[in-house]
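Enquirer: Next come the chains, spelled out residue by residue.
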Amino acid sequence: MSRSVPVVVSGTGAVSALGGDVESTWHGIVDGRSAVRHWADLAAEGHALDVACRVDDTVWGEVVPDVRVRGRALARRAAREALEDAGLLGPDGRLASGVDPARVGVFVGTTMGESGVYEEAGATGGFDLAEGGSHVFAASVAAEFGIIGPCRTLGTACAAGNYAIGAAARAVASGRVDIAVAGGVEPFSRIAMVGFARMRAMAPDGCAPFGLGRRGMTLGEGAGFVVLQRAVDTWAARAVVGGLGLSADAHHPTAPREDGSGMAAAMRSALTASDLAPSDIGWVSAHGTGTPRSDAAESLALHTVFGDTPPPVSSIKGALGHALGAATALEAVVAVRSLEMRTLVPNTGVTEVDPVLDVDVVLDARAAPDLQWVLSCGYAFGGLNSALVLGRAA
Amino acid sequence: MSTATVYSWTSQPLDAAGEAVASWVAVRLGGVEPALPAGDRVALHVATPDSGSREALAFWHAAQATGFTLAAPGAFPWTLSNSVTGRISLALGVTGPCTTWVGGPEAATEAELAASLDLDDGIVDHALVVTLAGTEPPDAEGSPVCVELRVVVLTAVDPAELAPPVHVERG
Numbered sequence: 001m002s003r004s005v006p007v008v009v010s011g012t013g014a015v016s017a018l019g020g021d022v023e024s025t026w027h028g029i030v031d032g033r034s035a036v037r038h039w040a041d042l043a044a045e046g047h048a049l050d051v052a053c054r055v056d057d058t059v060w061g062e063v064v065p066d067v068r069v070r071g072r073a074l075a076r077r078a079a080r081e082a083l084e085d086a087g088l089l090g091p092d093g094r095l096a097s098g099v100d101p102a103r104v105g106v107f108v109g110t111t112m113g114e115s116g117v118y119e120e121a122g123a124t125g126g127f128d129l130a131e132g133g134s135h136v137f138a139a140s141v142a143a144e145f146g147i148i149g150p151c152r153t154l155g156t157a158c159a160a161g162n163y164a165i166g167a168a169a170r171a172v173a174s175g176r177v178d179i180a181v182a183g184g185v186e187p188f189s190r191i192a193m194v195g196f197a198r199m200r201a202m203a204p205d206g207c208a209p210f211g212l213g214r215r216g217m218t219l220g221e222g223a224g225f226v227v228l229q230r231a232v233d234t235w236a237a238r239a240v241v242g243g244l245g246l247s248a249d250a251h252h253p254t255a256p257r258e259d260g261s262g263m264a265a266a267m268r269s270a271l272t273a274s275d276l277a278p279s280d281i282g283w284v285s286a287h288g289t290g291t292p293r294s295d296a297a298e299s300l301a302l303h304t305v306f307g308d309t310p311p312p313v314s315s316i317k318g319a320l321g322h323a324l325g326a327a328t329a330l331e332a333v334v335a336v337r338s339l340e341m342r343t344l345v346p347n348t349g350v351t352e353v354d355p356v357l358d359v360d361v362v363l364d365a366r367a368a369p370d371l372q373w374v375l376s377c378g379y380a381f382g383g384l385n386s387a388l389v390l391g392r393a394a
Numbered sequence: 001m002s003t004a005t006v007y008s009w010t011s012q013p014l015d016a017a018g019e020a021v022a023s024w025v026a027v028r029l030g031g032v033e034p035a036l037p038a039g040d041r042v043a044l045h046v047a048t049p050d051s052g053s054r055e056a057l058a059f060w061h062a063a064q065a066t067g068f069t070l071a072a073p074g075a076f077p078w079t080l081s082n083s084v085t086g087r088i089s090l091a092l093g094v095t096g097p098c099t100t101w102v103g104g105p106e107a108a109t110e111a112e113l114a115a116s117l118d119l120d121d122g123i124v125d126h127a128l129v130v131t132l133a134g135t136e137p138p139d140a141e142g143s144p145v146c147v148e149l150r151v152v153v154l155t156a157v158d159p160a161e162l163a164p165p166v167h168v169e170r171g
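For the protein sequence lines, the chains are A and B, in the order given. Note that this note's numbering has the first sequence beginning at 1, numbered continuously upward. Note that this note's numbering has the second sequence beginning at 1, numbered continuously upward.
Don't read these hints as lab results, they were simulated from the structure.
Some chain B residues close to chain A (C-beta under 7 Å, calculated; not the full set): (1) A56; (2) A71; (3) F76; (4) S81; (5) S83; (6) S89; (7) V94; (8) P97; (9) C98; (10) T99; (11) V102; (12) D139.
Which chain A residues stay away from chain B? Per the calculated CB distances, all over 10 Å, these: (13) W60; (14) V67; (15) E84; (16) D100; (17) P101; (18) A102; (19) D280; (20) T304; (21) E352.
Glycine included, C-beta positions come from ideal geometry on N, C-alpha and C.
Produce the entire structure from the sequences given, and follow the hints as far as they go.
Expert: Encoded structure:
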């Protein structure tokens, strides 16, 4: 996926369980806070576990979105912040007058779609794919800002944000669009809460990525978006978009290859597409779900690609939970901020790193004055692997 | 440049709860003769408006009936749109880029475009473009479904190796 036309991130936006924008999310993560908490409504509904990372109602102000449109509200909010950050919105909140709406695209990744619509279908006896399907998020973002270029949805589960950003970067680099709004969104999903709990993939007291005695993931929610433009078209570059490496395990519906070879293939592909050597990477924003198998496989993949001393590694899932389709998009936003602030964020939720993994896990925020390139990794059910390179803007 | 080969099927009604749809797709594609290409130089791009939707509705319907603590864990992964993509990659041994595009005709167009770009960029030598859709819209119970399946196999061709154009003179 090598590109001769440089593409940059010109804006970022986020809504997470730690806050309703990039700044609050960033500061929460850097300060080592975790959004993990117990939820009385989940316990009352009969869920086996009541621990999750959810976007607090206070984020919304007076009007909390209905569960049937929650994902769309998350997507629009994060996309608005990203577009404002890039200076592309006019005073009416739509695309600025100088922006051709036909030359703007929307690329969104997600896992469960508008889960509330599925969950209420049983009660109402009706289900409308036009209201609940995964495509509604991209359509909602496009409608909100008057975008009429390509509007695309990637249903690539827990790595969907990376896939969306990579597809968007391709569209921008090729000249198919001038501007792309790209990211991922996931409203809190009770279906996922039940599914992951029954698969015994969840930690009862919060996830501890790469930690000794880690027991699983914590479900999250949120949205992360970036605005991508060709470097020559903007003065507002926050980061450079490198290559996206993709691979498939062809191994198991849910479990990764234990030797991490599929993950390593994606990492290597990303480096090749970016014309980088492993030694160029200064930090790995890991998938790091906190499940014993996935973290172990990811650690092996890091050793396969980087040798005996992989770069420092952090997962932000101990802070935000696993926001499924939004996860890698939020991680991309945080990686952009890390490059700008030259700071490696902590791997919250862990006090003792599993020594068997033999990786340099960042336990406290760490200054990184020479940080130039970040590798942001995400993997998904179905054996999908992704790794996205992001670099410091010139 | 690339060449294209097309295959298509329509299923009998399949149980939406679990992996029946994904398995049917995998069996059909796995049975193609000669075998579809495999390995890390092959990409798989799936386009679907509704993959995982019926499975999600069926999973939730059953979980509410049994209680959440007794929900069927094996059925959950198939509620994801890309579960069928993973099942195909497993059946065929495709380990290159695999994506799932969700939506109407635009998703299929995007899958074809992504496949063409993968070939043009030299990332892969072959790309499979699979389109998959139920013949009826999903309902609240996740009822059985017939699905239509189509696969286009794109293979990179070196323009220099193509036969020269034949000029026909009209008299």
